[in-house]
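2 protein chains.
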Amino acid sequence: MLDLSGKSPLELSKLGDPLVNLIYSLALTEVYEKPLCKKVSNSVLAEAVEKAGLREIAGRRKRRGELGDFAEGLIFKAWAERRLTIEEAVEILAGSLEPGTGLRESSIKGFETLLRRAGYGRGGLSQH
Amino acid sequence: MLDLSGKSPLELSKLGDPLVNLIYSLALTEVYEKPLCKKVSNSVLAEAVEKAGLREIAGRRKRRGELGDFAEGLIFKAWAERRLTIEEAVEILAGSLEPGTGLRESSIKGFETLLRRAGYGRGGLSQH
Numbered sequence: 024m025l026d027l028s029g030k031s032p033l034e035l036s037k038l039g040d041p042l043v044n045l046i047y048s049l050a051l052t053e054v055y056e057k058p059l060c061k062k063v064s065n066s067v068l069a070e071a072v073e074k075a076g077l078r079e080i081a082g083r084r085k086r087r088g089e090l091g092d093f094a095e096g097l098i099f100k101a102w103a104e105r106r107l108t109i110e111e112a113v114e115i116l117a118g119s120l121e122p123g124t125g126l127r128e129s130s131i132k133g134f135e136t137l138l139r140r141a142g143y144g145r146g147g148l149s150q151h
Numbered sequence: 024m025l026d027l028s029g030k031s032p033l034e035l036s037k038l039g040d041p042l043v044n045l046i047y048s049l050a051l052t053e054v055y056e057k058p059l060c061k062k063v064s065n066s067v068l069a070e071a072v073e074k075a076g077l078r079e080i081a082g083r084r085k086r087r088g089e090l091g092d093f094a095e096g097l098i099f100k101a102w103a104e105r106r107l108t109i110e111e112a113v114e115i116l117a118g119s120l121e122p123g124t125g126l127r128e129s130s131i132k133g134f135e136t137l138l139r140r141a142g143y144g145r146g147g148l149s150q151h
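Chains A and B, in that order, give the protein sequences. Whatever position you read off the first sequence (first residue = 1), add 23 for the numbering used here. Whatever position you read off the second sequence (first residue = 1), add 23 for the numbering used here.
Everything labelled a hint here was simulated from the structure, so no lab data went into it. Please note that a few of the clues may not be correct.
Identical copies go unnamed one by one, so any copy, or any two together, can satisfy a pair.
List time: in silico DSS-like cross-link candidates among lysine-lysine, alpha-carbon distance up to 27 Å [what the hints assert, rightly or not]: (1) Lys62 - Lys37; (2) Lys61 - Lys85; (3) Lys37 - Lys85; (4) Lys57 - Lys74; (5) Lys74 - Lys85; (6) Lys30 - Lys62; (7) Lys61 - Lys74; (8) Lys30 - Lys74; (9) Lys57 - Lys30; (10) Lys57 - Lys85.
Model the full structure from these sequences, guided by the hints.
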């Protein structure tokens, strides 16, 4: 479709934003069994980047908003390069989002796992 | 992935919103050859619904905002039911969005074509 190879995650964050919102909304829809649409906060994505051990790759001086953009760009890049399908991403996120648990914490965990499964982070394996 | 069969387009519009934004942003990115993210206005989607001959199916008393939601729901339904892939949708939209032409008019045309190709509208064929 699009040749976006060579683009950095930050350049791709604009496209990652609607993709991440779609994936997150689909996962919430699956877990809560009704159509839901919700934006992911930069703060949640920034924490997921940190927990996946990607903060240094993102650069030491990045603000939270920029870390969130970085996460969106990474996820978009993985999807555009066919390393991650929307279906896989939704299943990974839905696996962390359980009704009754804190949405913020479970969303951070879900995106951390998503970043690792997409090939980013330390060895692609959860260390928790 | 999700079993959303039996849901009406209006129920699915919440999920159609991020999907349509993703498709539109990808199409703009393809046409303008740089990452772009843009939301589609309800007004553009409402006109596309009318041009595709779907206004009556949507109900006669629907306001523009509701018609836009209806379009989002229809597109989501086609995608969820595997009648339309994201790649196909992007190609269809990008075929209408040409640099230099009015973005609003070409976007309406693009979404009209998309709705028809997704199996909605009069016979699925453009009548223009």
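Structure-based check of each hint:
1. Lys62 - Lys37: both (14 Å within a copy, 11 Å between copies)
2. Lys61 - Lys85: Answer is both: 25 Å inside a copy and 25 Å across each meet the 27 Å cutoff.
3. Lys37 - Lys85: Answer is within: at 17 Å inside a copy they meet the 27 Å cutoff, but 32 Å across does not.
4. Lys57 - Lys74: Close neither inside one copy (30 Å) nor across copies (31 Å); limit 27 Å.
5. Lys74 - Lys85: Intra 15 Å, inter 46 Å, cutoff 27 Å: intra-copy only.
6. Lys30 - Lys62: both (24 Å within a copy, 22 Å between copies)
7. Lys61 - Lys74: within (22 Å within a copy, 30 Å between copies)
8. Lys30 - Lys74: Answer is within: at 24 Å inside a copy they meet the 27 Å cutoff, but 37 Å across does not.
9. Lys57 - Lys30: Classified as between; 10 Å across copies, 36 Å inside a copy.
10. Lys57 - Lys85: between (36 Å within a copy, 23 Å between copies)
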